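Starting from the known structure of chain A, arrange chain B on it as the hints suggest.
Protein chains: 2
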Amino acid sequence: MYKIEYLFSQKKVSCYFDAEFSDIQELLTDQQIVIITDEVLYTHYEKEIKKFPVIKFAAGEAHKNQSIVDYIIEELIKLGAHKNTFLIGLGGGVVTDITGYIAAVYMRGLSFGLVPTTVLAMVDAAIGGKNGIDVGVYKNMIGTIRQPEFIFYDYNFLETLPTKEWVNGFAEIIKHACIKDAVMFSDLEKYTFHQYKTDRKLIAELIEKNVLIKSQIVAEDEFEKEERKFLNFGHTIGHAIENLYGIPHGHAVSIGMVAACNLSEKLNNFSQDATARIIRLLTAYHLPINMEFDHQKFFEILKMDKKCMNNGVHFILLKSIGHAQIKFISLSDLENNIKETI
Amino acid sequence: MYKIEYLFSQKKVSCYFDAEFSDIQELLTDQQIVIITDEVLYTHYEKEIKKFPVIKFAAGEAHKNQSIVDYIIEELIKLGAHKNTFLIGLGGGVVTDITGYIAAVYMRGLSFGLVPTTVLAMVDAAIGGKNGIDVGVYKNMIGTIRQPEFIFYDYNFLETLPTKEWVNGFAEIIKHACIKDAVMFSDLEKYTFHQYKTDRKLIAELIEKNVLIKSQIVAEDEFEKEERKFLNFGHTIGHAIENLYGIPHGHAVSIGMVAACNLSEKLNNFSQDATARIIRLLTAYHLPINMEFDHQKFFEILKMDKKCMNNGVHFILLKSIGHAQIKFISLSDLENNIKETI
Numbered sequence: 063m064y065k066i067e068y069l070f071s072q073k074k075v076s077c078y079f080d081a082e083f084s085d086i087q088e089l090l091t092d093q094q095i096v097i098i099t100d101e102v103l104y105t106h107y108e109k110e111i112k113k114f115p116v117i118k119f120a121a122g123e124a125h126k127n128q129s130i131v132d133y134i135i136e137e138l139i140k141l142g143a144h145k146n147t148f149l150i151g152l153g154g155g156v157v158t159d160i161t162g163y164i165a166a167v168y169m170r171g172l173s174f175g176l177v178p179t180t181v182l183a184m185v186d187a188a189i190g191g192k193n194g195i196d197v198g199v200y201k202n203m204i205g206t207i208r209q210p211e212f213i214f215y216d217y218n219f220l221e222t223l224p225t226k227e228w229v230n231g232f233a234e235i236i237k238h239a240c241i242k243d244a245v246m247f248s249d250l251e252k253y254t255f256h257q258y259k260t261d262r263k264l265i266a267e268l269i270e271k272n273v274l275i276k277s278q279i280v281a282e283d284e285f286e287k288e289e290r291k292f293l294n295f296g297h298t299i300g301h302a303i304e305n306l307y308g309i310p311h312g313h314a315v316s317i318g319m320v321a322a323c324n325l326s327e328k329l330n331n332f333s334q335d336a337t338a339r340i341i342r343l344l345t346a347y348h349l350p351i352n353m354e355f356d357h358q359k360f361f362e363i364l365k366m367d368k369k370c371m372n373n374g375v376h377f378i379l380l381k382s383i384g385h386a387q388i389k390f391i392s393l394s395d396l397e398n399n400i401k402e403t404i
Numbered sequence: 063m064y065k066i067e068y069l070f071s072q073k074k075v076s077c078y079f080d081a082e083f084s085d086i087q088e089l090l091t092d093q094q095i096v097i098i099t100d101e102v103l104y105t106h107y108e109k110e111i112k113k114f115p116v117i118k119f120a121a122g123e124a125h126k127n128q129s130i131v132d133y134i135i136e137e138l139i140k141l142g143a144h145k146n147t148f149l150i151g152l153g154g155g156v157v158t159d160i161t162g163y164i165a166a167v168y169m170r171g172l173s174f175g176l177v178p179t180t181v182l183a184m185v186d187a188a189i190g191g192k193n194g195i196d197v198g199v200y201k202n203m204i205g206t207i208r209q210p211e212f213i214f215y216d217y218n219f220l221e222t223l224p225t226k227e228w229v230n231g232f233a234e235i236i237k238h239a240c241i242k243d244a245v246m247f248s249d250l251e252k253y254t255f256h257q258y259k260t261d262r263k264l265i266a267e268l269i270e271k272n273v274l275i276k277s278q279i280v281a282e283d284e285f286e287k288e289e290r291k292f293l294n295f296g297h298t299i300g301h302a303i304e305n306l307y308g309i310p311h312g313h314a315v316s317i318g319m320v321a322a323c324n325l326s327e328k329l330n331n332f333s334q335d336a337t338a339r340i341i342r343l344l345t346a347y348h349l350p351i352n353m354e355f356d357h358q359k360f361f362e363i364l365k366m367d368k369k370c371m372n373n374g375v376h377f378i379l380l381k382s383i384g385h386a387q388i389k390f391i392s393l394s395d396l397e398n399n400i401k402e403t404i
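Residue numbers (this note's numbering), protein chains in the order written: chain A, 63 to 404; chain B, 63 to 404.
Excised from the complex, chain A in its bound form:
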């Protein structure tokens, strides 16, 4: 186990890499600990988890809503959780998002730590302090930004991770490569999905590189004035189709990235060859590259996206692989372009 610290605004966040869950005891003081997790993880890791008081709920994005928040708050009250109770969110992005949100609002704020157990949560959801819940089809409509005390990386959890969740994680990894790291993009072309899935050292290095990319972006722009917006690459279109069709987050982002590449060709002189490279890479990691969707419903949802204001959206385009740009596009322009390119 070794530690790297990132400074976000006023708050230091410690990342513990190559750790084992049992080592988490060392990080905890004599505060009351409550673990928040989902039922699937609890079944897999009951022995380790049940040493602590646990609140668990059904796994999946469909449960990232106010009902689960209400339930967890009731359970916290039953456990006598207080301002000095320390929450640990152990799970994928749904668990880390909900834990962060509960920590932000319960008794006006508790301290918390995150133990991401999926590739996606390790490289993305657990980092940066954004938390939230969905309201119907609107993703992360309610939430805050609150940093955890620590993020704890135990790669053993990946052993029980279903292949489809590995695929979801690689969507965000490829996103990081597209917006920020052409060298990592080449690495992803060089190795295979299978190699990353089976070679512990290779995936550990890749995850740590991605933690660094996201943490640096967040550290520079925690409240998303400018550079943090790059992380929305593929997500403007992705978020809208994700909840509309209930498809996995990584699939939605992958489709969104290809759409954004097409727009980048049209509006930003992005090369056709680069789009082809990105499509090949996404395909190699089992990610879908397009789908038909209802444009009218899509735009209804897009209008309520947090990124959308003044009848337009700050859209993330690519200039080249590894270099992103923000461009304000009016909704009517976007509508015309999407009709033509998608």
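Beta-carbon label-pair distances, calculated as ranges:
| no. | chain 1 | residue 1 | chain 2 | residue 2 | range |
| --- | --- | --- | --- | --- | --- |
| 1 | A | T91 | B | K381 | 27 to 35 Å |
| 2 | B | S394 | A | E101 | 37 to 45 Å |
| 3 | A | K359 | B | Q358 | 51 to 59 Å |
25 Å max Cα-Cα, derived DSS-like pairs, lysine-lysine:
| no. | chain 1 | residue 1 | chain 2 | residue 2 |
| --- | --- | --- | --- | --- |
| 4 | A | K145 | B | K359 |
| 5 | B | K74 | A | K73 |
| 6 | B | K145 | A | K291 |
| 7 | A | K287 | B | K74 |
| 8 | B | K73 | A | K369 |
| 9 | A | K226 | A | K126 |
| 10 | A | K145 | B | K291 |
| 11 | B | K291 | A | K73 |
| 12 | A | K140 | B | K365 |
| 13 | A | K359 | B | K145 |
| 14 | B | K140 | A | K369 |
| 15 | A | K145 | A | K74 |
| 16 | B | K365 | A | K118 |
| 17 | A | K74 | B | K287 |
| 18 | A | K140 | B | K369 |
| 19 | A | K112 | A | K126 |
| 20 | A | K140 | B | K359 |
| 21 | B | K389 | A | K145 |
It should be emphasised that the hints constitute simulated quantities derived from the structure, not laboratory data.
All figures in this text were calculated on a predicted structure; none of them were measured in a lab.
Glycine is no exception: its CB is placed at the ideal position from the N, C-alpha and C atoms.
Positioned in the frame of chain A, the structure of chain B alone reads:
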């Protein structure tokens, strides 16, 4: 209209005194405005309010809960509210608390302003950024700390304020006098409830003095490490009996302050004469000074109070009128003392 600015941590809050609601236009940019208010106020001030989009709900502490939050969020989505929408909370403490909370969590944070319309909200609830909702009998169990852009004081709203709400407001004013301002305590003894209710100049001065007291305390200690705890005088016992018996906040705080005076005599050499003065003052402002309550239920609720941890509570005692002190009292000591003194 004149402006005083207070600096809380990183955030400047502007207080506009002696203002008229119609002047609020001057403070607003071309952002979308949404007013959040209660039905009683809407009925009284429909003409002024309905110039803006409005979300209104039934008045009263019983509605300060997640159901109302869910309702307001739905209405905001219907109105197409976005990250650059500006919320205005117009009402008493319930409205200002809920508006602040919605502003903290909707799309991870909107800007907002408050127009307190009760004495209590003007001198207390609207100031300091604490927001929250109740969970069953537990007061302000869920919430955050988020400062408004401005607080807008239009004393005309007091003309329709029921007498019982004036009484509630004076409980917090007397609290400020007890913990921080012996001179104001003497003023409150010199004038009468009727004089403050009918003399616009007198009540305006009193309110502005109280805004100053609370703002200074919050500015020094926004996140309640030390001095902000003084504001909890009367509230540890007060909060527990308020929701348990559904009595008005001011009544509960008044009863809580007398209980805290009795404890202060016992544990802090507070003089019996001073307690008698405080009881006389509370009575002059139509506030109750004691009630019988179920000690067992009381302690069950107290255990879940945010101020309670490590099996004890940071209790606010008085040293003399105008001077408060914090003392950690274990729950068992508190139980014994309350049995003897209340």
